[in-house]
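Asker: Okay, here's what each chain looks like letter by letter:
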Amino acid sequence: MIDREDVLHVARLARLELTEAEVMQMTGELGKVLEHIARIGELDLDGVPPTSHVVELGNALRPDVPRPSLDPEAALASAPAVADGGFAVPSPQA
Amino acid sequence: MSRQTDELTALSALDASRRLGTGELDPGDLFDAYRERAAADELNAFTWVADAAPPETAAGTPLGGVPLAVKDLFCTKGVPSQAGSRILEGYRPPYTATVVDRLAAAGAPLLGKTNQDEFAMGSSNENSAFGPVLNPWDHSRVPGGSSGGSAAAVAAGLAPWALGTDTGGSIRQPAALCGIVGLKPTYGAVSRYGMIAFASSLDQAGPLTRDVSDAALLFRHMVGDRDCCDSTSVAYPAQVDLPTASRLDGIRLGVPAELAGDGIEPGVLAAFEATLELARSLGASVETCRLPHAPHALSAYYVIAPAECSSNLARFDGVRFGLRAPESTDLISMYTRTRHDGFGGEVKRRIMLGTYALSSGYYDAYYGRAQRVRTKIADDFRAVFGDFDFVVTPTSPTVAFELGAKTGDPLSMYLNDFCTVPMSLAGIPAISIPNGLARPPAGGDELPTGFQIAGPAFSENRILDAAHALERELGFDSTRVRP
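Chains as they are written, first to last, in the numbering used here: chain A, 1 to 94; chain B, 1001 to 1483.
Next comes chain A alone, as it looks inside the complex:
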């Protein structure tokens, strides 16, 4: 149902590094779960609208009024690395 190439592709999309052992285990486990999930393919769902949200809510906005945001010091307080008042990260090496 799902092969090694699928698993590697999905891991790349999910920005998740997997060890070789994890790739093998994941292929087996995901395959089993996907088999169970495939049951939803049995149902006749023509014309049935999707539900993305059980509560009927439209335009749930708050007033467009500026207000103080998070203090920059607080925002950076949990950062693994800080530089020039921002979050320091390694270069993409693009």
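Just so you know, the hints here were simulated from the structure itself, not pulled from any lab data.
Ideal Cβ placement from N, Cα and C applies to all residues, glycine included.
Zero decoy hints are in this set.
Only some residues are given here: those of chain B computed to face chain A with a beta carbon under 8 Å:
{"#": "1", "residue": "TYR1091"}
{"#": "2", "residue": "CYS1228"}
{"#": "3", "residue": "THR1232"}
{"#": "4", "residue": "HIS1296"}
{"#": "5", "residue": "TYR1302"}
{"#": "6", "residue": "PHE1321"}
{"#": "7", "residue": "LEU1331"}
{"#": "8", "residue": "ARG1374"}
Once you have looked at the hints, place chain B on chain A.
Answerer: For chain B alone, kept in the frame of chain A given last:
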């Protein structure tokens, strides 16, 4: 443990709040008694306990200072909020979740943060990066999950009450396995602002308590106006009452054939049927009903929840907070290695499932279809509530299982949720109350079972009343774990 600690912690939250209100009980004494209990926790239920009573007085508040244990995924400013994950180890948020703030303002100060399955993914609390939680009824067994720490703490009297979250059953199932009350509110009734998100269209905060009246009391102070910080929240349309009912005259209970037979342990089923007899003796009518799409609920849930989690957990990338894999030489490998190092196996599995279900070429077959199944399930409930007041089922198909019994087979773990997931998908409220004891199939001491009562959206008052009437008649005895 002093006799005073024992006496103080024997009070229900409602009793305690009344005595705090009259002044016969001092909030500092009550807080210290629970702190002592929580600090001596042998169940690994807590990941953090306050080291002193809060300085702010609870005088004049509705609850008067009844301490509250809070599941770790609720952001609590300056206090570790780790959602059971290594990727957030030591994380202290710069803000507090709306519901925790509301409860503190109402007089339920923070006692401690409770252990949980990582990012609320699990049914046994074995997926925590900080170790499993033990069931107070039998330390070789699981308390259920994902709110296992909250459930164990309340069951063992380490906290008078606790906050948990329920996405597919994570309040109700641990409540059932630990012999306490757990309520999953109507979706939208409680603000999710500050709740570290798993599946945004399913997650709901709710109370775990010793009895139904305590659940009503805590729930009353969790709801209110809509929260402008959570666009999925709604104003609660009624005042939440303390339940008073002692009878079920005129109440029509529907037992769905799909959720009350196959796959349920014999002992659990026997306790369920005994409760139905009790309900009849209180004046309720009990008939079979049908939820034709309920057998597909688990499949739909295990597409929708992982899909939503794969999106919500994208923010854990080592950039702004939490773990960052050391010695990363480039940005992408920093992301991939951080997430490899920081997430546990179950979380990785669900992120992978969700990413697959949402990826190009698969979106319609999986997520698109699952959302349509969801509509059918919601329709099934709406139809049933035309003829019945409540749908009732066993909460969990099993009593508490042994640690390690299901960790080798993810699918077998997922199957624990089949009675609770349909209500989550439909967004309707449901409570679990302890309704008896049953022996596990392989033998051993008797363990708690749970009875689930589900009702239409915003019917919590009626659910709590019905649960109260049943609770009185059931007389469930938890003195074995909470003297």
